[in-house]
Structures are given as structure tokens and as C-alpha cells.
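Asker: Listed below, chain by chain, are the residues.
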Amino acid sequence: MAELTIDVVRSLVIILALMTGMAYMTWFERRVISRLQVRIGPNKVGWFGLLQPLADAIKLFFKEDVVPSTADRLLYPIAPAIALFAALAAFAVVPLGPTISAGGLEIPLQVADLPVGLLYLLAASSLGVYGLVIGGWSSGSKYSLLGGLRAAAQLVSYELILGLSLVGVVIVSGSLSLGQIVEAQARSVPFILLQPVGFVLFMIAAIAETNRAPFDLPEAETELVAGYHTEYGGMRFAMFFIAEYVNMITVSAVASTIFLGGWWAPFFPGPHWLFIKMLLFLFLYVWLRATLPRLRYDQLMRLSWGVLLPLGLVNIAVTALVVVLLG
Amino acid sequence: MAATDVFVAIVFYLVAATMILAGASMVLARNMVRSALWLVLTLAGVAVMYVLLSADFLAVAQILVYVGAIMILMLFAIMLTPNQVDLPSAAPQAQRISAALTALAVFGISVFVMLSHRWNVRAVPLDAPSSERLGVLLMSTYVLPFEIASLLLTAGMIGAIVIAREE
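Residue numbers (the numbering used here), protein chains in the order written: chain A, 1 to 327; chain B, 1001 to 1167.
Just so you know, not all the hints are guaranteed correct.
Pair by pair, the computed Cβ-Cβ distance ranges are [to be verified]:
1. A:F267 with B:A1077: 29 to 39 Å
2. B:L1104 with A:L321: 33 to 43 Å
3. A:M235 with B:A1149: 42 to 52 Å
4. A:L280 with B:W1119: 27 to 37 Å
5. B:A1103 with A:A57: 46 to 56 Å
6. B:N1031 with A:E3: 50 to 60 Å
7. A:E3 with B:F1146: 52 to 62 Å
8. B:A1077 with A:F283: 22 to 32 Å
9. B:L1104 with A:L292: 57 to 67 Å
10. A:A112 with B:V1046: 29 to 39 Å
11. B:S1116 with A:D65: 48 to 58 Å
Simulated pairs of lysine to any residue, SDA-like, Cα-Cα distance not exceeding 20 Å [claimed, not checked]:
12. A:K142 with B:V1011
13. A:K44 with A:D56
14. A:K142 with B:T1081
15. A:K142 with A:Y297
16. A:K142 with B:A1024
Worth flagging that the hints you see were computed from the coordinates, not collected in a lab.
It should be emphasised that the depicted structure is a prediction, and the values quoted were computed from it without experimental measurement.
For each residue, glycine too, the CB sits at the ideal point set by N, CA and C.
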């Protein structure tokens, strides 16, 4: 019973933290992008604009719920829920810190240390595609449909790269569990030093998987209005939006865990180190969005199948060879 | 122990019923996108079955391959052919009869095999990560079938590229 209580409480705390983190990620993004574009950004609501996310949430919550007459009655409402579910589910395997003991109980700071954690991450991210594809199709609008189709093609192509980039890490660490990957890095060095090519491949594929600039083709506003979520408004739109930002947070956490050692550090290891490392990646997201123009569709596909895929295969072959030669 | 057994039984029957309903809906649905989505639900149910059998690797691979990749590509293809989304009418009489006979035959053979074969049943499910052992077996005992399968897939992929290039 105590274990069940711990599981429920820990999951709730993590979901609440993700929601809060996601809200302040929007504030962080708007403030940083403003600085990069020599503007000021939201600074009126609360101290430094810190209450702006709250105001946005209240606004979205009280918007009228409009369903287009061409929409599919059954699928239109559940598409945003699928996207949000997949985004939250993916975070379950991220180790936030070492196991702590309180009141005679051992509490691992991780929802589930699955032996197949890395594969679970890929599976959860592939489920998220359904939210985008179903949302795009069920809206009954051509812009939405085109956005959904782009999402399907883009995510299938880049999921492959994501998987290939992780194989190198699995070869070096000898495990698919994220907890053991952190331990392996604690014993040696952060894997960014052993797998620099894998790291670059992972970051490019992960940014494409989260539909962020310069890979935000499924919601390209200059050509598709807003892509797959054109017809969504109010809280349903907000659920797509939350899913995208939670995915960014998850990618940052996973990149920190796999390539930078996660919560582990030479001194004072703990969850705060994971947070600092995640901030680096979240800043990278914003920086890229402010810097790079959006890719064209053919460029996107050529990059994936023509450049990243061969690079990923070579990386796996070289890594395997070196591991075998060094014993 | 008893409490978890009851829980597993409840989950099994709920998921099994959902899978049968979803499978029937997939066949009966007139809209091809909905039909494909019912199939997704059925395939996801198979993954839950693997979890109940503590086959962790198979469960995740099922989601990753069938739900995540194959069905997304199928949806992609259906959505690219807008005139085919709603099936216009039912099949002709002759096709219906032969389809019913085939379905009955497959059902009969499956039930016969299920009942007549002596299955190796473990009293307690294997509660250990299976990915490492599966990997070792694929690279040692079953390396020949594994390589033949990958050769077949490569041939299929090259064939697809050749057909696509003809245009």
C-alpha cells in the first residue's frame, strides 16, 4: 500500500512540475527570443512578466469551444488528448535523481526504471504522432490535413534517425535502462565525449520530432495557417500546445540524461544538476528558433534520408568496431 | 499474490474484449481512416497482452513497429488518396460468400491448433528483462533466420525504390 501511495504521489508531483515547467518555458522562450530580436517581450503582467503564463492559461480556459461543421465528431475531440497523453507518458522513464530514503522507505526519483527504457521513449514519442495525424484529418480542413500528412512523414523519417543515434549509446553503455546509462557515465565520462556524432544526430532528430524550428513544417504559418491545429481553439488548442512544450522538456531531460550524465555530477550530485543541464537544451531550442529559417519540405527529407541516415549507420559501425577492439 | 492475479485477470478480459470489438469495428467500418484506427487499437491491445505476460521487449517493439511505424504509414497512404476514404458499397455476393468461407476456415484452424497443441506453460511468468537474452539468441542460435529476414526486407525495399523510380 505504501508503495502504491508513493507511486501515485510521485506521478502527480511530476505531472504538476511538467505543467508548471511548460508554462514557464513559454515565458522563458518569449523573453529570450525578445532579447535575441532586440525587443523586450512580456514584462507587464507581474514581476518581469512572471504572471503572463497564468494570464494566458486563464484566457485559453474561458474561450468558446468551437467545433467545425466538417469535423469528425468522435476523433476531433480525442486527438489533442492523445498528443498530451503521449507527451506526459514519455517522461516516466527519466531518472530525476538518486534513490532517497525517507521514513524507512526507499523512494527512487523516477516513475519507472524500465529495462527497455530507451525503446519505451521511442514508442511513446511515436504514439504522439497519432494526435497530430488524427487532429489534422478529423478537422475536415485542407490546411489541417496537409499539416497532419507532413507530421506523419516527418516524424517517421526522423524517428529512424533518433533510434540510430541511440544505438551508439546502447553499445557503449551496454544497457537500455536510463538509470543504468547514468550509472555507466558516473563510472566513466559523459557520453557526449564518447558519442559526439550520436549527440548531434540525436539533437537534430529530437528537434524535428518535437516540431520545433527549423523543422516546424507541420504547423508552418506562412503556408498552412497553423497546420494540423488550424481548426482547434481554446483548451483543445492548449492541449496541443502543452504537449509540444512538455515534449521539449522531455527531450531536454533525455538529452541531459543520455549524453551529459543526467543528475550525476562530480560534486553535489542530485536533481538540481539535471535541471541546470536541461536549461542549456531549452535555451538551445529558443536560440535555434530565433536564428534559423524553416527548411523546405524536400530539404527536410534529403537531410534525413541522404545525410543523417548514412551518418548514423557509419556511427554505429565505428562505435561497434571500437568497442570490440578495446574489448 | 491473489490480489495481483485478480488485477491481471480483470485487465486481460477488459483488453481482450476491447480487442475483439476493435477488430470487428475495423472490418465493419465504412470509413478507411476509422478502420485503420480501429486496427491501431487492436494492435495496441496485443502490446498490453505482452505486458501481462511480462514480455517487456516484445510489448515495446509491438508499439514501436506496428503502432508507431506501419500504421502511421498506412494512414499516410489512405489520407493521400482522398477518393478512397469512404468505401462506396459492399462487396458483390460471390465475394461475400468466399470471404465468409475463408474467415470460417481460418477461425476453425486457429481454434483447432489452440486446443490440440500441447503448449509449454510456465506456472510463474518470467520476471526478468528479456531484451538481452533475445539479442544473444538472435545473434547466435537464430542468426541464419535473422539474416534471411533482413535480406528479404532489403530486397523488398530495393524493389519498392525501383517501382517508384519507373515513373
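Asker: Quick one: are A:F267 and B:A1077 within 29 to 39 Å, going by C-beta?
Answerer: 54 Å, violated
Asker: Run the distance test for A:K142 versus A:Y297: straight-line Cα separation, threshold 20 Å.
Answerer: Answer holds: A:K142 to A:Y297 is near 17 Å, not above 20 Å.
Asker: Evaluate the given range 50 to 60 Å for the C-beta pair formed by B:N1031 and A:E3.
Answerer: 44 Å, violated
Asker: Just tell me: holds or violated, for the beta carbon distance of A:E3 and B:F1146 against 52 to 62 Å?
Answerer: 39 Å, violated
Asker: Given the range 29 to 39 Å, decide if the beta-carbon distance of A:A112 to B:V1046 lies inside it.
Answerer: 21 Å, violated
Asker: Given the proposed pairing of A:K142 with B:T1081, does the C-alpha separation stay at or below 20 Å?
Answerer: Measuring from Cα to Cα gives roughly 13 Å; hence the hint holds.
Asker: Please test the hint of 27 to 37 Å on the beta carbon pair from A:L280 and B:W1119.
Answerer: 53 Å, violated
Asker: Given a hint of 33 to 43 Å, does the C-beta separation of B:L1104 and A:L321 actually sit inside it?
Answerer: Since the Cβ atoms of B:L1104 and A:L321 sit about 54 Å apart, the hinted range of 33 to 43 Å is violated.
Asker: Next pair to validate is A:K142 with B:A1024; report whether the Cα-Cα distance is within 20 Å.
Answerer: Status violated; Cα separation ~30 Å.
Asker: Taking 20 Å as the top limit, are the C-alpha atoms of A:K142 and B:V1011 close enough?
Answerer: Not satisfied, since the Cα-Cα distance of roughly 40 Å exceeds 20 Å.
Asker: Is 42 to 52 Å right for how far apart the beta carbons of A:M235 and B:A1149 are?
Answerer: 46 Å, holds
Asker: Can you tell me whether the CB distance of B:S1116 to A:D65 sits inside 48 to 58 Å?
Answerer: 56 Å, holds
Taken one by one, the earlier hints fail for this structure at numbers 1, 2, 4, 6, 7, 8, 10, 12, 16, listed in ascending order.
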